[in-house]
Amino acid sequence: MIKIPTNILLVDDEKDFVEMLSLRLEEAGEKVTPAYDGKMCLDVLETEPIDVVVLDIKMPGMDGIQTLMKIKIMYPLVEVVLLTGHGTTETAIEGMKLGAFDYLLKPADFDDLQTILADAKKKKAAQDERIRQAEARRLLRRGGNI
Amino acid sequence: MEPELIRNIRLLLVDDEADFRGTLAKRLLKRGIAAHQAGQGEACLALLANHPMDVVVMDVKMPGMNGIDALHHIRERHTETEVILLTGHADTRDGVEGIKAGAFDYLTKPVEFDHLLSKIIQAYDKILGKKQKIEAVAYKARIEQQMIATERLAALGTLAAGVAHEINNPLAIIKEAAGYLSSLLQKRELTDMPRKAVFEKVLQKIETSVKRARIITHQLLGNVRKSESILAEVDVIQLVEETIQLVRREAEDKDIAVALQAADGLKPIWADPNQIRQILINLLSNAIQATPEEGRIAIQVESTDGGISIAVIDNGAGIPKENLEKIFEPFFSTKSPGEGTGLGLFVTREIVDKFGGTVEVVSRMGHGTQFTVQIPNRR
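Listed in order, the protein sequences are those of chains S and B. The opening position of the first sequence corresponds to residue 2 in this note's numbering, with each subsequent residue numbered one higher. The opening position of the second sequence corresponds to residue 579 in this note's numbering, with each subsequent residue numbered one higher.
Since the hints were derived computationally from the structure, they do not count as laboratory data. Accuracy of the hints is not assured; some may be wrong.
Claimed, not checked - A few chain S residues facing chain B, derived, Cβ under 8 Å:
#1 Leu22
#2 Leu24
#3 Glu28
#4 Ala29
#5 Asp103
#6 Leu106
#7 Lys107
#8 Pro108
#9 Phe111
As the list claims (entries may be wrong) - Taking lysine-lysine pairs in the PhoX-like style, the calculated list, with each CA pair at most 25 Å apart, reads:
#10 B:Lys704 <-> B:Lys608
#11 B:Lys608 <-> S:Lys4
#12 B:Lys789 <-> S:Lys59
Quick reminder that beta carbons are idealized off the backbone N, C-alpha and C, glycines included.
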């Protein structure tokens, strides 16, 4: 079976980390776009069709939580997985209340990450599907009125 | 002063006139003070050498060593003893000289008994006051020490969390780099790569070591994610055997025999296997480091009322008494820099505390050390 790659946007100010995790995720058949801060993350979202954003919480400038809030306002269908090397699980949980799909502690287990990414993508796909059906119903109804 | 307190006064009468001493002693006894007696300055000092006194009442004029000379000796050797001098009616100069030399006071003969008694009580009061002051100072010093230790621990805790966080980032990079290489080795084009098995083995080591480091940093952050702290049925014996395998190389290098003594019919317990393993690794590698060449280490596992008890016993150098209180503090280590983090036992106790268990240490210098961990069953 051909695996349909997940479009992942990986956001972390540690460039080496982004590079290594990207290599690994791509090796596992995913498509990864790197970004190194919150602003770059939003820029990418504007142009690329992203399924899941993997977002480091602790970043200079706009941090992960602020970025998450912007994403959820501007691109509510994009799922966000938070990464934290920080001792602040509380922040991560706060992030989930703000609409993040899940969070992982750094260094995260790769299998865990893959599972969460797959689940996030599934959720997004289901949501996309529901929206498509709603659109279709709307079109049908309109068609019936003609 | 209370009669009971007066009875506590250790009093020595020094006078060459035996009748005077005797009469005085009798009257003192009626008031509750059993006085010792000496007839000369020399005898007084000899007695003091073995029987510490609170108050010495001493005649100045005595054959042999006089009262002033004896007073000088007392001031030198028995700083806590107070001296009341008795002088002749015409010899007040002796009294003044005595005060200069450190006497508590002087009285002129003939002495009025109640006056003498009140002086003795005053002298004793002074001693009690001094003692209380010393105790108060010592108490304050002790409290201050404790506060410093507490603050130091708090500061270290903050530092430890900061360090752990900073380490997590490079650790994540190492982990993904090694993971990527591992996944490359699985590729078909690398099936016949030369020495592929060695690469796989080494990468595996990197990954397991990162996992170990990660457990420690997460412990330090006090922040193991709930779902990561798994509860499972743990076969402790199996975990001990695995851990012995992990440290086998270190033990073999020093010809140390590691023996597992397991009680019969051990039941598995419900706990987090990773954390039990962490405890075992910490205790066992400490034991190996503390044990000399050809030493012995025993691991005793037995069921207890509510769970399991694991003892790691070595016949190594032992832990000095002054270190026993500190070994569970973060960053306390007697190993050379680079050999120990000073976190092993700290983390061990953190884990055990979280399980609601206990960790105890018994150590004898030159004989060895025993660490005993009790872990309750979590089911």
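Hint check results:
Taken as an interface hint, Leu22 of chain S checks out: its beta carbon lies about 5 Å from the nearest beta carbon of chain B, inside 8 Å. Hint status for Leu24 of chain S: holds, given a least beta-carbon distance of 5 Å to chain B, under 8 Å. Proximity of Glu28 of chain S to chain B holds as hinted, the smallest CB-CB distance being about 5 Å (cut-off 8 Å). The restraint placing Ala29 of chain S at the interface with chain B holds, with a minimum CB-CB distance near 7 Å, inside the 8 Å limit.
Taking 8 Å as the C-beta contact cut-off toward chain B, the hint placing Asp103 of chain S at the interface is violated, the least distance being around 10 Å. With a least beta-carbon distance of about 6 Å to chain B, the hint placing Leu106 of chain S at the interface is held under the 8 Å criterion. With a least beta-carbon distance of about 5 Å to chain B, the hint placing Lys107 of chain S at the interface is held under the 8 Å criterion. The beta carbon of Pro108 of chain S is positioned within 8 Å of a beta carbon in chain B (closest approach about 4 Å), and the interface hint is therefore held.
The beta carbon of Phe111 of chain S is positioned within 8 Å of a beta carbon in chain B (closest approach about 5 Å), and the interface hint is therefore held. Between Lys704 of chain B and Lys608 of chain B, the direct Cα distance comes to roughly 23 Å. Compliance with the 25 Å bound is thereby established for this hinted pair. For the suggested pair Lys608 of chain B and Lys4 of chain S, the alpha carbons sit about 107 Å apart, so the restraint of at most 25 Å is broken. Distance restraint check for Lys789 of chain B and Lys59 of chain S: the Cα-Cα separation of roughly 22 Å lies within the 25 Å cut-off, and the hinted pair is therefore satisfied.
This entry does not satisfy hints 5, 11, going by the numbered hints stated previously.
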